[in-house]
Amino acid sequence: MKSIEPARIQQLLDQLKGQEVYIHLEMTTGAYAAHRGEAKLAATAFITNATVTYSQGLIAGDGPYRVGLKTAHGWVFAQGLTHWDETETSRLIAAGHDPDGKLVVALQIAQEPFSSHEED
Amino acid sequence: MDPKQILVVLAHPDDEGIIGGTLMEHAQQGAKITYICLTLGEMGRNMGKPPFATRVSLPMIRRQELKEACQLIGIQDVREFGLHDKMVEFEDQEAVADRVREVIEEVKPDLIYTFYPGHGVHPDHDACGAITIRAVAKLPADKRPVTRCIAMTPGSYAVLGQPDFVNDVSDIVDLKIQAIGAHKTQFQLMLGNYSQETKDRHRHERLWVYRF
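First to last, the protein sequences are chains X and W. The first sequence begins at -7 in this note's numbering and counts up one residue at a time. The second sequence begins at 2 in this note's numbering and counts up one residue at a time.
The following block holds chain W by itself, in its conformation from the complex (with noise of 0.2 Å):
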C-alpha cells in the first residue's frame, strides 16, 4: 500500500506521537496528512516541570507545540475542531461525525488513523474513534478508505487480537521522540528520563484495522 493521501483524527496534541514513527514514514513517501485534532488539549495536567503554564495559557501553548511536532512529523494540514477538552462525548455526535465526513470528502484520503473505539482510555479518544468510525460508515462499503486504529487498553489484544500492522520505526525513533518532546508542556508525562528504555517503547507502533 502506498498511500497518497492521508486522515489522522485524534483528540488531543500530543496524540499523533503515539504513531510518529509510522506517519514520518507516510510524510517521507510523499504522501499529504491531513489531522484533525478535536481539541486542544486545554484541560491537560501537565503544566511544565516546574509549572509554567495556568489553564488559561495552556491552549494556546499547546496549538503552538503541536505545530512544532507536526513540522517535525511532516504534517502539512492541521484541522482544529475547538471542541473542549474532556467534553468530546457530550457533543452531538452526529453532527462532529459529519463535520469529519465533510473533511473526508474534501480530503479524500486512501488511509485513516484514530483511536479504536472503546480501547482509548481516555473517553476522548473513545469518542474520537467512535465519531470517526461513524463518518467513515456513511460512505458507502466500497468507498471507505481503509481505517487504521490505536488501541491503549491493557486488554486489547484480548479483544481485537493481535495488530493488523506492527510498524517497527527504530531508524527514525530519535527524530520520532524529538516531535513527541515538542509537546514541552506534556514532555515529563511522555518521555519520564530520556533512556534507552524510553526509545525502546517508541521503536514499535501498533495499529488494529477496523472491520466495518
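Chain X extracted, bound-state conformation (with noise of 0.2 Å):
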C-alpha cells in the first residue's frame, strides 16, 4: 500500500472506462464501533463485484482523495481514499485509511471479478 498518486489512479480509471468493469465499494466504522464507544452507531455497507459501465471517471482533491464514476443513471462515488496497491497495472485497488491503519472506505474496479479467497 502506498500514498495515493493522483495521475497513476487516473491513468486507470480511464484505462477501465467504457466497459463493464466489476467493483467493490464499502464504507465502514467497523463491527465494534459502538461497542468500544468509537461511534454511537456500528454502520457498514458494501457491495461486492457489482458490474457498472461508466463513460467518465475522475479522481479529485488534494489528499485525501475522491473519486466519481459517471454511469448511463448515476454515480458511484467514494470519499477518503488515501492508499492504493501501486503493484497493480491493469486494476485499481484503493483505500482511505485511519490514523491507526485502519480502513474506512474503499474502492475497488477490475476486468475480472475479486474473489474473497484469492491466492497470491
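None of these hints come from the bench; they were simulated from the model. Do not take every clue at face value.
[Claimed, not checked] Cross-link-like lysine-lysine pairs, in silico, DSS-like; alpha carbons within 27 Å at most:
id	chain 1	residue 1	chain 2	residue 2
1	W	Lys50	X	Lys(-6)
2	X	Lys32	W	Lys50
3	W	Lys185	X	Lys(-6)
4	W	Lys33	W	Lys68
5	W	Lys33	W	Lys139
[Unchecked claim] Short, incomplete list of chain W residues facing chain X, as computed with Cβ under 7 Å:
id	residue
6	Asn47
7	Gly49
8	Lys50
9	Pro51
10	Pro52
11	Val57
12	Val122
13	His123
Note that the structure is a prediction, hence the values are computed from the model and not measured. For glycine and all other residues, C-beta sits at the position ideal for the given N, C-alpha and C.
Assemble the dimeric complex from its two separately framed chains, guided by the hints.
Written out as C-alpha cells, the structure is:
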C-alpha cells in the first residue's frame, strides 16, 4: 500500500472506462465501533462485484482523494481515499485508512470479479 | 474433566485468541483440537499500521496468520468453512449447521467451544454460536458434548449469571499473547501497547456452559 498518486489513479480510471467492470465499494465504522464507544452507531455498507459501465471516471482533491464514476443512469462515489496498491497495472485497488491504519472506505475496479479467497 | 478431542467453532481468524490459554492447556494435556473457522476475516478493518494489506491481499495474509497462531496454541486441525466475513447470519443456517454436525460426527469431540448466541457483540459471532448450538441440539440429549461459550457483551453477567468456568492462565499468558500477536494485521487492535495492563486482561478466560 502506498499513498495515492492521483495521476496514476487517473490513468487506471481511463483505462477501465467504457466497458463492463466489477466494482467493490465499501464504507465501514467497524463492527465494534459502538461497543468500544468510538462511534454512536456501528454502520457498514458494501457491495462486492457489482457490474457497472462508466463513461467518465475522475479523481479529485488534494488528498485524501475523491473518485466519481459517471454511469448511464447515475454515479459511483467514494471520498476519503488515501492509499492504493501501486503494484496493480490493470485494476484499481484503493482505500481510505484512518491514522491507526484501519480501513474506512474502499473502492476497487477490475475487469474480472474479485475473489474473497484469492491466491497470491 | 480430561477431554481427548475438542472442537472449536469460531467466526474469524484471531477469535481463538480469546480462549488461547485454555486451548493451550488442553493441547499440553494431550487433547486433539479441531478448529472450524467460518470465515477468513477478509472484511476486517485492521490492515497493519502503517497499512500493508489490501482488501484483495487480506484473506491470504490472515490465512497465514491463522496457521501460525494455531501452531503456537497447539491446534493441529484447522477447517476453513470459506464463508464470507460479515455474511454468516445471511447464509442458510440449517445448511451450515449440517456442515458443523458432520464434523462433530467425524471427530466425536467430548468438549466444544463456541460463542454464546446473543452475547458475541459481532453479528458473525452470534450467528456462529447459534449455528453450533443448532448442530449440537440435533444430537440425542445423551450424546451432546459439553458446550462452553464465550460471552462478550457487557451485560453477559446480568443475563447469564456467573461464568461456569474461570480459567487463570497466568503461567502461560506470555505464550498466549504471542499467539494473539501472530495475527500481525490485527495486532494493534487486539493488544494495544504490550503492557502490564494487556497482560492482566488476558490472564482470565471466562466461559459459560450452554444449557440445552
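Structure-based check of each hint:
no. : hint                 : in the structure
1   : W:Lys50 / X:Lys(-6)  : 12 Å, holds
2   : X:Lys32 / W:Lys50    : 25 Å, holds
3   : W:Lys185 / X:Lys(-6) : 19 Å, holds
4   : W:Lys33 / W:Lys68    : 16 Å, holds
5   : W:Lys33 / W:Lys139   : 23 Å, holds
6   : Asn47                : 6 Å, holds
7   : Gly49                : 6 Å, holds
8   : Lys50                : 4 Å, holds
9   : Pro51                : 6 Å, holds
10  : Pro52                : 4 Å, holds
11  : Val57                : 6 Å, holds
12  : Val122               : 5 Å, holds
13  : His123               : 5 Å, holds
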